[in-house]
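**Q** As a plain string of letters, each chain reads:
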Amino acid sequence: MLDGLLQGVEVALSWQGLLMCAIGVTLGTIIGVLPGIGVLASVSLLMPITFGYPPAIGLIMLSGVFYGAAYGGSTTSILMNLPGTANTAVTCLDGHPMAQQGRAGVALFITTIASFIGSIGGAIVLAVLSMPLANLARNFGSQEYLAVMVLGLMAAAAFATYGLARAMAMTALGILIGLIGIDLNTGLERYTFGMPSLFDGVPIVAIAIGLFGLPEVLANLSRRGEAPPPVISVTLREMLPTREDMRRSTPSMVRGGLVGCLFGILPGAGSLLASFMSYAVERNSSKTPEKFGTGMIEGIAGPETANNAAIQTAFIPTLSLGVPGDSTMAIVLVALIYHGIDPGPNFVTQHPDIFWGLIVSFLIGNLMLLVLNLPFIGLWVKMLRIPNSILYPAIVVFSCIGVYSVRLMPSDLYLMAGCAVLGYLMRSFRLDAPPLLLGFVLGPMMEEHFRRTLLISRGDPAAFLSTGLTWGIYLLMIAMVGWSLWRNALTRRRVKAQAAG
Amino acid sequence: MSEPKFEIFQGSLVIGGVLSLIGAGALWTGLGYGMGSMMRVGAGAFPVVVSGLMLTCGLAVMAESLWGRGRAAVIPLGALRAGLGLVAAIATFALTIQSLGLLAAVALCVFFVSLAGQSVNWRHTLALMVVLPLASWLIFALGLGQQLHAFG
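The listed protein sequences derive, respectively, from chains A and B.
Every letter in the first sequence is one number past the one before it in this note's numbering, and letter 325, counting from 1, is 325.
Take any residue in the second sequence, count from 1 to its spot, add 1000: that is its number in this note's numbering.
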C-alpha cells in the first residue's frame, strides 16, 4: 500500500498532474459558480479532451471539475439565492438569509471550510475502504453484480424527485436507449431503426449534454428578460467567523461528514441526497428547528460537508465495483472505460498509480480550492455579472463543438438537439433525468450479467438469488425503497394537513 | 404579470400514456428479436423484461390522475421560440461545420441562440459573433488539437 501511495504521489505531483488538477478545479469552480452549467454536462464535455492524456492525468482533471463545482456552487447559492449546482440547492435555504443579514462573508468561509473538511474526510474513507470492498467484490459472481446494479438503479429511483413510478419508467427508458445498437452476443441490431449512425450505440456525450446541460439553457432563454437577482458583494475582511460560529458549526460538520460518507458509498444515492439528508439531520438535532431557513449556520455547515464527503466516497463503488454511485460518476466510469481501464475489484491492485494518484490529487486539489475560494472570491463574484446574452450562446457553442469533436459526426448534433428538447419537456412533465442516464450506462452491463448468470446456472432462474450476498443486497434494496415510500407518504400527509389547517 | 403559457391539465395522464406507448412499442419490437432459451438468452429477453417494466410504470403514472394526484404540466409560450431557436442553432452548426468550417458555424450558431432569447442584445450578439469563433478555434483546434478546420 505504501508502495502504491508513493506511486500516486509521483503521478499527482508530476508537472502534468499538478497542472491538470489546477485546470480541473478552476474549471470546476467556474462551472459551479455559473448557474445553468451542470456538472454532469461539463464533465461529459471535457471527457473527450482527456483522451490525449494518460488515464491517471485525465481522471485527475475530470474529478477536479466534479468536486471543484461543489465549492463554486455554494457561492452562487449564498450570494444570489440560485443554486449554482443542484447539490448546493439546500445551501440557499440558510446561506442566502445569512447574506441578507450582512453575513455573506462568514457563510462563504464556513461553506468553504466545510467543503474542505468533507472532501478530505471522504478521500481518507475512500483510501481506507476501497481495498476491503475490492477484496469482498473479488468473490462476486454475475448474480452479485446484477444485484448491486439493480440496487443502484432502484436507490436512484427511490430517492428521485418526482416519485418512484416516474423514476423507474425513466430508468427503463435509459436501459432501452443503452441497448440501442448491435447486440454483441447475437450480432442482431436492436432499436436502430436502420440508421447506420446508431449501429455502435448512442453516444453518451450527446445524451448527457442534451439532457443535462441544454434544458437549463432552454429554460432560461424562454424566460422574459427579467433582471437577474442582485449579487451581494463581499470583502475578505467580512469572512472571518466568530468563535460562536465555529462552536456551532463544528458538530454539524462532523455529522454532515458521516451522512455524506454513508450516502456516497451506497450505489445510487449520491451527493444531492446527502446534502438534503444532512439538512434534515441538522434540523432534527437542533434545539431551535423553527429557526432553520432564517440563516442558521448549522444549515450550511452540515450539508456542505455532506455534499463533498459524498462526492469523494462515491468513487468507492465506482472504482472498486465498477458500479457508479450516481449519474455523474457514471460519466467518470465511462471515461475510465474509454481509457481502456476496467474498473472493478482488480482496479486498485492493477492500477495503483491511478488509484493513489487520484487520492493524492484530491488532497492537492482541495488545497487549491481553499485558495481559489477564499482569497480569490471576488473574482467569482464578478463572474456572476456576465450577462446571459453572452453566457448562453457560449454554452451552446461549446456544447456543439464538444459533441461534434468526439466522432466528427454531424448526426450526433441532431441527437443532442433532440435530447435538449426532450430534456426540457421531461422537466415540464416532472420526469427525472438522472435515473435515465444511470440506466443508460448500467443497462448493457446488466444484460451481460443477466445472460451470464443464466448461462452458468444452465438456465436455472433460482441462480439470481443463489447466494447469501444477493439476498442481503436485495433486502437492502427493499428496505431503501420501503423507507422512501414511507417518507413520501409522510410528506404528503404533512402537506395535506398544512393545506387543511 | 403572468406569462402566456400552454397548460396541459391532465399532465400525468398524457405523460403516463406516452411512457406506456414507448414501453409497449419496445416490448413488441423486443419480442421480434427472439427470446432464446433459458440457458442461451436471446437478444430479445432483456429488452422484453425492461420494456415490460416501463409499460407497467407508465400505466402507474397514468393511474395517478385517476386517484386525483395528477399534475398539470405548464410550458411557457416563450419556450416555443427558445426551443426553435436552440434547435435551429444546433442544426445550423451541424449543417455548416463540414462545408463552411468552424468559424462560420460558430458565428451562425451564436446568431440563432441570440434569436432564441426573449429580447436580443444586438451589440453583444455582434461582438460574440466575432470573438467566439476565433476563441473556439484557438482553444479547440490550436490548443487542444481537435480535428476542426477553420474554413470548410
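Be aware that one or more of the hints could be misleading.
What the hints assert, rightly or not - Footprint (simulated), chain A over chain B, 3 or more residues, beta carbon under 8 Å: (1) 1011 to 1017; (2) 1055 to 1066; (3) 1094 to 1108; (4) 1118 to 1127; (5) 1142 to 1149.
Unchecked claim - The calculated label-pair distances, taken between Cβ atoms and stated as ranges, are: (6) A/V128 x B/L1084: 15 to 25 Å; (7) B/L1077 x A/G187: 46 to 56 Å; (8) A/L476 x B/A1063: 24 to 34 Å; (9) A/G293 x B/R1040: 53 to 63 Å; (10) A/L18 x B/R1081: 30 to 40 Å; (11) B/M1038 x A/T467: 16 to 26 Å; (12) A/W483 x B/L1138: 48 to 58 Å.
Derived from the structure by calculation, the hints contain no laboratory data.
Just so you know, these numbers come straight off a predicted model, no measurement behind them.
Yeah, the Cβ is synthetic: ideal placement off N, Cα and C, and Gly gets one too.
**Q** When the structure is checked against the list of hints, which entries are broken? Sort them ascending.
**A** 6 and 10
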